[in-house]
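Single-letter residue listing:
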Amino acid sequence: MAPLLDIRNLTVEFDTPEGTVHAVNSLSYSVEAGETLGIVGESGSGKSVHILAMMGLLPMPPGRIVSGEAWFDGQNLMDMSDRELRAVRGGQIGMVFQDPMSSLNPVLTVGRQLREVLVRHTDLTGTKLRARMIELLEIVGIPHPEARLDQYPHEFSGGMRQRVMIAIGMACNPRLLVADEATTALDVTVQAQILDLVRQLKQDFGTTVLWITHDMGVVAELADTIQVMYGGRIMERGPVSPVFRTPHSAYTHGLLKSLPDEGARAQRRLYQINGSPPNMANPPKGDPFAPRNPYATERCLNEVPPLRDVGDVPGHKVAAWYDLPALLAQENEVAK
Amino acid sequence: MKNLIKDLMRSKAGLIGAILLLLIVFVAVFAPFLDLPDPTRGDLRARLAGPTWDGLFSPGAHPLGTDEVGRDILSRMIHGSRVTLLVATTAVVLGGIVGTALGIWAGYKGGLVDRVLMRLVDIQLAIPLMLLALLVVAALGPSLRNVVLVLALTSWIRYARIIRAQVLSLREREFVQSAHAIGASTMRIMFFHILPNVLTPALVVGTLELARIIIMDSALSFLGLGVQPPTPSWGRMLADGRVYISSAWWTVTFPGLAIVLTVLSVNLFGDWLRDYFDPKTRNKK
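As given, the protein sequences belong to chains G and B, one line each in that order.
The numbers in the working numbering rise by one with no breaks, and the one at position 249 of the first sequence is 249.
The numbers in the working numbering rise by one with no breaks, and the one at position 125 of the second sequence is 125.
Don't take each hint at face value.
Negatives, chain B to chain G, calculated, CB over 12 Å [said to hold, decoys possible]:
no. : residue
1   : L86
2   : G111
3   : A126
4   : F175
5   : V176
6   : I182
7   : I189
8   : I194
9   : P196
10  : N197
11  : V198
12  : L199
In silico SDA-like cross-links for lysine to any residue, where the CA-CA straight-line distance does not exceed 25 Å [claimed, not checked]:
no. : chain 1 : residue 1 : chain 2 : residue 2
13  : B       : K109      : G       : Q151
14  : B       : K109      : G       : R120
15  : B       : K109      : G       : K128
16  : G       : K285      : G       : L270
17  : G       : K257      : G       : E221
18  : B       : K109      : B       : K12
19  : B       : K6        : G       : K202
20  : B       : K6        : G       : V107
21  : B       : K6        : G       : D79
22  : B       : K109      : G       : E155
23  : B       : K109      : G       : E146
24  : B       : K109      : G       : M55
25  : G       : K202      : G       : L129
26  : G       : K128      : B       : D114
27  : B       : K12       : B       : L22
28  : B       : K109      : G       : K202
29  : G       : K128      : B       : K12
30  : B       : K109      : G       : L328
31  : B       : K6        : G       : M80
32  : B       : K109      : G       : G56
33  : B       : K109      : G       : E221
34  : B       : K109      : G       : L270
35  : B       : K109      : G       : D79
36  : B       : K109      : G       : M80
37  : B       : K109      : G       : L129
Distance windows between CB atoms, simulated [unchecked claim]:
no. : chain 1 : residue 1 : chain 2 : residue 2 : range
38  : B       : D122      : G       : R64       : 28 to 34 Å
39  : B       : L168      : G       : A220      : 54 to 60 Å
40  : G       : P17       : B       : G256      : 41 to 47 Å
No lab work stands behind these hints, which were simulated from the structure alone.
Just so you know, even glycine gets a beta-carbon here, dropped at the ideal spot from N, CA and C.
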């Protein structure tokens, strides 16, 4: 079966006074129907930008889509007119953004904002429309939905607002739900509730989810597949547990090592990846992570590594010239 | 609405302004039912009669005196307020609609649309408004419609500039992106999502503009370019009465007072309205 979403060779650049910023570099990946893909990366890794580009939401200029295709359900989103794209957005692809405090229009009631997406993409009217709105708020776990519809966003807490955003994103039973840092602005307990909710929705409606985050913990909990991005490229990708167990990219390894582990003594200083993210107006010639990578070889600095299969686990791929597990094993030997 | 009235009760200046304004509007609206002497019929035997309160309720009494052809000043003032308020509110609303729409358009679209519109505003700001108004009325000929058009023409730029500035910051807010993400069109975003957010500043500009336009309308009438006689208007009454300022003070004092009081009440009310809609000042009280 063809994948639900297939991105091929997507390259996005920004024109800035400092020169051209290479935000996304020939990015290719696909998502199967029903799969949950967690995309992890730090600021500037291109994780949000490529989604905006795909959805036709990238401000152009300064943004520029140099090349690429984004096949969704057999159609290339890049070839669509603005009108066709608008029919997809909110209908077949739902989106949830980072900041629930500002994602809702402060002067419109929650009901009006929920109604807008339903009117735009469905034929519901009158009492059926209202019933669907109430049902949606119930699905995302908002108590007293009937009364809540006529309230303004400032009468909702942060977590409740994010639930409303998810209700809006899920309103038309989308094939794909894209969440861009959807739990980042929420505190940990609320975050856990939202993750539970998304898991429940996945189970009930079989929605494919694309979860963009910088939080490894969230990915571990929610995703089937993890995709680590850096410098507008995929560094590593594969089923969540093998990637967490034996990372093959030094970047993934560094990210996992910098997580505070449970039970560890509080005295232990957290690991940090040295250096700072690359300036994408003047990107490194080879592997973008090479300048910060203690395992980098001469080749890493000069040549961009292609994404290769790791071998033992199907679907586990890495972009690296070195063999990280072997290097780590060597290190352990030496330490002993 | 309840909060609005409660807050108004607490603000002395705002309350005075509101009451005065209500009174003026009330009198203007119900002028035909007030059993006033005909404002356009002169009585040469009673020309330039001083204000007198004798026989206040008898027909032919002139509580605020008469003008140079014996027309009742009170009646002319009240009927003049109808014209003034009609002209001013229509011009404010017209200028407000055009200015707000163009401001949203320029602010949201940016680029060429924005540059062209804002240069147009700059150009118009460089020309003295009174001169512009004189020019247009002189070219089109004075009439009620043309006066309204001219006043709206001097007014839209103020809305456009303020609304544009607001929209520039609003369009970067995340809810605009969310609206895009649910498939809303640009038109829909501008008028369903952005417009309700700028209604408050538009309303505030509106009250300030109302006061300014009343003065400007009176000035146009004073110069003979406003509503044409015999229709009474405050500015016209001032213009006609100024010849007699040393011998018959009432001919200019009362219409002048009417202008001052109306503008004052609009300003007081407008000030309060601005404070009310600014959450920072509202909560301090």
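The hints, checked one at a time:
Here B/L86 stays apart from chain G, with its beta-carbon at least about 31 Å from theirs, past the 12 Å limit. Not every CB of chain G lies more than 12 Å from the CB of B/G111, the least distance being 10 Å, so the non-interface label is violated. The Cβ of B/A126 sits about 31 Å from the closest Cβ of chain G, beyond the 12 Å cut-off, so the non-interface label holds. A beta-carbon of chain G comes within 12 Å of the beta-carbon of B/F175; the shortest separation is about 5 Å.
The Cβ of B/V176 sits about 8 Å from the closest Cβ of chain G, inside the 12 Å cut-off, so the non-interface label is violated. Listed as a non-interface residue, B/I182 fails to keep its Cβ farther than 12 Å from every Cβ of chain G; the least gap is roughly 3 Å. Its beta-carbon lying about 10 Å from the closest one in chain G, B/I189 breaks the requirement of being farther than 12 Å from that chain. Interface exclusion of B/I194 from chain G breaks down, the closest Cβ pair being 9 Å apart, not more than 12 Å.
Not every CB of chain G lies more than 12 Å from the CB of B/P196, the least distance being 4 Å, so the non-interface label is violated. Its beta-carbon lying about 5 Å from the closest one in chain G, B/N197 breaks the requirement of being farther than 12 Å from that chain. The beta carbon of B/V198 sits about 10 Å from the closest Cβ of chain G, which is not more than 12 Å, so the claim that it is off the interface is violated. Not every CB of chain G lies more than 12 Å from the CB of B/L199, the least distance being 8 Å, so the non-interface label is violated.
Of the pairs offered as hints, the one joining B/K109 and G/Q151 is violated, with about 31 Å between alpha carbons and a cut-off of 25 Å exceeded. Taking the CA atoms of B/K109 and G/R120, the gap is near 23 Å; set against the 25 Å cutoff, the hint holds. Proposed proximity of B/K109 and G/K128 is contradicted: the alpha carbons are some 36 Å apart, above 25 Å. Pair hint G/K285 plus G/L270 does not hold up; C-alpha atoms about 30 Å apart against a cutoff of 25 Å.
Using a Cα cut-off of 25 Å, the hinted pair G/K257 and G/E221 holds, with the two alpha carbons roughly 18 Å apart. At most 25 Å may separate the alpha-carbon atoms for a hinted pair to count; B/K109 and B/K12 exceed this at roughly 42 Å. With a C-alpha separation of about 49 Å, the suggested pairing of B/K6 with G/K202 is violated against the 25 Å cut-off. Only pairs whose Cα atoms come within 25 Å are accepted, and B/K6 paired with G/V107 is accepted, the gap being roughly 22 Å.
Using a Cα cut-off of 25 Å, the hinted pair B/K6 and G/D79 is violated, with the two alpha carbons roughly 57 Å apart. A threshold of 25 Å between alpha carbons decides the hint, and for B/K109 with G/E155 the separation of about 31 Å lies outside it, so the pair is violated. For a cut-off of 25 Å, the pair hint linking B/K109 to G/E146 is broken: about 37 Å separates their Cα positions. Restraint check: the Cα-Cα separation between B/K109 and G/M55 comes to about 20 Å, which is no more than 25 Å; the hinted pair holds.
For the suggested pair G/K202 and G/L129, the alpha carbons sit about 23 Å apart, so the restraint of at most 25 Å is met. For the hint linking G/K128 to B/D114, the alpha-carbon distance of about 42 Å lies beyond 25 Å, and the restraint is violated. The suggested pairing of B/K12 with B/L22 holds, with an alpha-carbon distance near 15 Å, which does not exceed 25 Å. A distance of roughly 38 Å separates the Cα atoms of B/K109 and G/K202; the hinted pair therefore is violated under the 25 Å criterion.
A threshold of 25 Å between alpha carbons decides the hint, and for G/K128 with B/K12 the separation of about 49 Å lies outside it, so the pair is violated. Distance restraint check for B/K109 and G/L328: the Cα-Cα separation of roughly 54 Å exceeds the 25 Å cut-off, and the hinted pair is therefore not satisfied. Proximity of B/K6 to G/M80 is assessed by CA-CA distance (about 54 Å); at most 25 Å being required, the pair is judged violated. Distance restraint check for B/K109 and G/G56: the Cα-Cα separation of roughly 17 Å lies within the 25 Å cut-off, and the hinted pair is therefore satisfied.
The straight-line distance between the Cα atoms of B/K109 and G/E221 is roughly 42 Å, outside the 25 Å bound, and the hint therefore fails. The suggested pairing of B/K109 with G/L270 is violated, with an alpha-carbon distance near 47 Å, which exceeds 25 Å. Among the hinted pairs, B/K109 with G/D79 is consistent with the structure: their alpha-carbon atoms are about 24 Å apart, no more than 25 Å. About 22 Å separates the Cα atoms of B/K109 and G/M80, which keeps this hinted pair within 25 Å; it holds.
The straight-line distance between the Cα atoms of B/K109 and G/L129 is roughly 33 Å, outside the 25 Å bound, and the hint therefore fails. Remark: the range hint 28 to 34 Å for B/D122 to G/R64 is upheld by a beta-carbon distance near 32 Å. A hinted range of 54 to 60 Å for the beta carbons of B/L168 and G/A220 is inconsistent with their spacing of about 41 Å. For the hinted restraint 41 to 47 Å between G/P17 and B/G256, the CB-CB distance of approximately 58 Å leaves it violated.
Of the numbered hints stated above, those contradicted by the structure are hints 2, 4, 5, 6, 7, 8, 9, 10, 11, 12, 13, 15, 16, 18, 19, 21, 22, 23, 26, 28, 29, 30, 31, 33, 34, 37, 39 and 40, listed in ascending order.
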